[in-house]
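A.B. asks: So the protein sequences, as listed, match chains A and B.
According to my numbering, the first sequence is numbered sequentially starting from -15.
According to my numbering, the second sequence is numbered sequentially starting from -2.
Calculated from the structure, these hints are not laboratory results.
Hints are supplied without guarantee of correctness; some may be wrong.
Claimed, not checked - A few chain A residues that don't get close to chain B, going by computed Cβ distances all over 12 Å: (1) -8; (2) 27; (3) 68; (4) 102.
Said to hold, decoys possible - Okay, the calculated beta carbon distance ranges per label pair: (5) B:175 - A:59: 19 to 29 Å; (6) A:57 - B:209: 56 to 66 Å; (7) A:76 - B:229: 31 to 41 Å; (8) B:209 - A:55: 55 to 65 Å; (9) B:0 - A:14: 53 to 63 Å; (10) A:89 - B:177: 23 to 33 Å; (11) A:71 - B:232: 34 to 44 Å; (12) A:57 - B:160: 43 to 53 Å; (13) A:100 - B:233: 42 to 52 Å; (14) B:235 - A:77: 41 to 51 Å; (15) B:232 - A:82: 29 to 39 Å.
By construction, the Cβ of each residue, glycine as well, lies at the ideal position given by its N, Cα and C atoms.
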Amino acid sequence: MATQWKNDQPIYLQLKEQILAMIIDGALNEGEALPSVRKVAVDYQINPITASKAYAELVDEGLVEKRRGLGMFILEGARKNLLKAEQKKFLSKEWPEITKRISLLGLNVKQLIETAEKNTSHSS
Amino acid sequence: MTTIITAENLSKSFGSFQALKNVNLTIQKGQIVGIIGANGAGKTTLLNSILGLSAYDGRLNVLGFDPNSQRDELMKQICFISDVATLPKWIRVSEAIDFVEGVHPSFDREKVLRLLAGTTVPLDKKIRQLSKGMIVQVHLALIMAIDAKILVLDEPTLGLDIIYRKKFYHQLLEDFFDEDRTILITTHQVDEIENILSQVIFIREGEIALEADMEEIGEQWLVLNPATDNIDAARAMAPASEQTLLGRTSFIFNGQPRAELEKLGDVSRVSLSDLFVTLMDGE
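For reference, chain A alone in the conformation it holds in the complex (with noise of 0.2 Å):
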């Protein structure tokens, strides 16, 4: 399949957040294996070059370790370190700007809360 890749960043970048958002929602698990460089590169046609190192970036972050002859593996306690440092993410950057908005709106807490609460209802 190909992939549509956004412009906003280069694209090792996004095939790095595309493999933590399967860790996430665990469609990797830890201790498994990814796929082999080429096996990437091939399906998902971009330079091998990008996609080892979109693979170096999650080793540096201490998600992934390379196993001599094996390839690389997810580490242990990958997904929730993930999880921390993803929520961190979301409270100092994301939830910052969502707030700006709600107040621009002019939405007070009960509303949010009503909505929310029916939405996930509706979804359960």
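Assemble chain B onto chain A, guided by the hints.
C.D. replies: Only chain B this time, still in chain A's reference frame:
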């Protein structure tokens, strides 16, 4: 990093027309290099010089050989496709395999049979009886079965539909390319190969307009869509080009820090086709 191609003051004239003007460039092993330029810019002349198919002035070193005088040696380690699907109509697939086996010392018969086994191509049929898609598969299988250090593709997918173009590059990455090999590609469908390239060379009127790693390009060249109030401020930062689409102005910048540009609006990476247009228009 091992340098496999070096050109110094490479020039080529056809009568009074200078197809290449003092071209200097180096290409490292393990790269997929896109050579991009308008029609008549000198792409094919450059490739033909590298392949030893056309005489040139200046110095050229390919895998340690001089293509002008050591073409025989060079040909053992290099292979090329210009315009796929141009195999002789009268030859049978099995005969084409016999032929390449006979002329090329590093041809792997087992590999071509293995590659073709994964297709519906009948080995006993003549090229004329095959569909265009099948001819492409035969051609590519023949080339990929050659253990070459360099593969030169000059408009390899001309006349193929999008499905076969995709398959072509898919196969190239899956069955041929590795870090010991180097691929040089020219094509007009720049957008389709942009993500598989690691290096790009823009040629304009016989000269190198830009030669860079894709990574460098991603860092150096940025597109800015400024907020309306910031258009003048953006213009003051010396953009390489300016474009207005549906009343929205965007700029392409070379070498301005991303953080500076982000103060003025949305920043994105530049596509090779936009960069190409910018470079061809510039100066």
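A.B. asks: None of the hints should be skipped; say for each whether it holds.
C.D. replies: Here is what the structure says about each hint:
| no. | hint | result |
| --- | --- | --- |
| 1 | -8 | violated, 5 Å |
| 2 | 27 | violated, 9 Å |
| 3 | 68 | holds, 27 Å |
| 4 | 102 | holds, 33 Å |
| 5 | B:175 - A:59: 19 to 29 Å | holds, 28 Å |
| 6 | A:57 - B:209: 56 to 66 Å | violated, 34 Å |
| 7 | A:76 - B:229: 31 to 41 Å | holds, 33 Å |
| 8 | B:209 - A:55: 55 to 65 Å | violated, 31 Å |
| 9 | B:0 - A:14: 53 to 63 Å | violated, 42 Å |
| 10 | A:89 - B:177: 23 to 33 Å | violated, 58 Å |
| 11 | A:71 - B:232: 34 to 44 Å | holds, 41 Å |
| 12 | A:57 - B:160: 43 to 53 Å | violated, 35 Å |
| 13 | A:100 - B:233: 42 to 52 Å | holds, 45 Å |
| 14 | B:235 - A:77: 41 to 51 Å | violated, 31 Å |
| 15 | B:232 - A:82: 29 to 39 Å | holds, 33 Å |
This entry does not satisfy hints 1, 2, 6, 8, 9, 10, 12, 14, going by the numbered hints stated previously.
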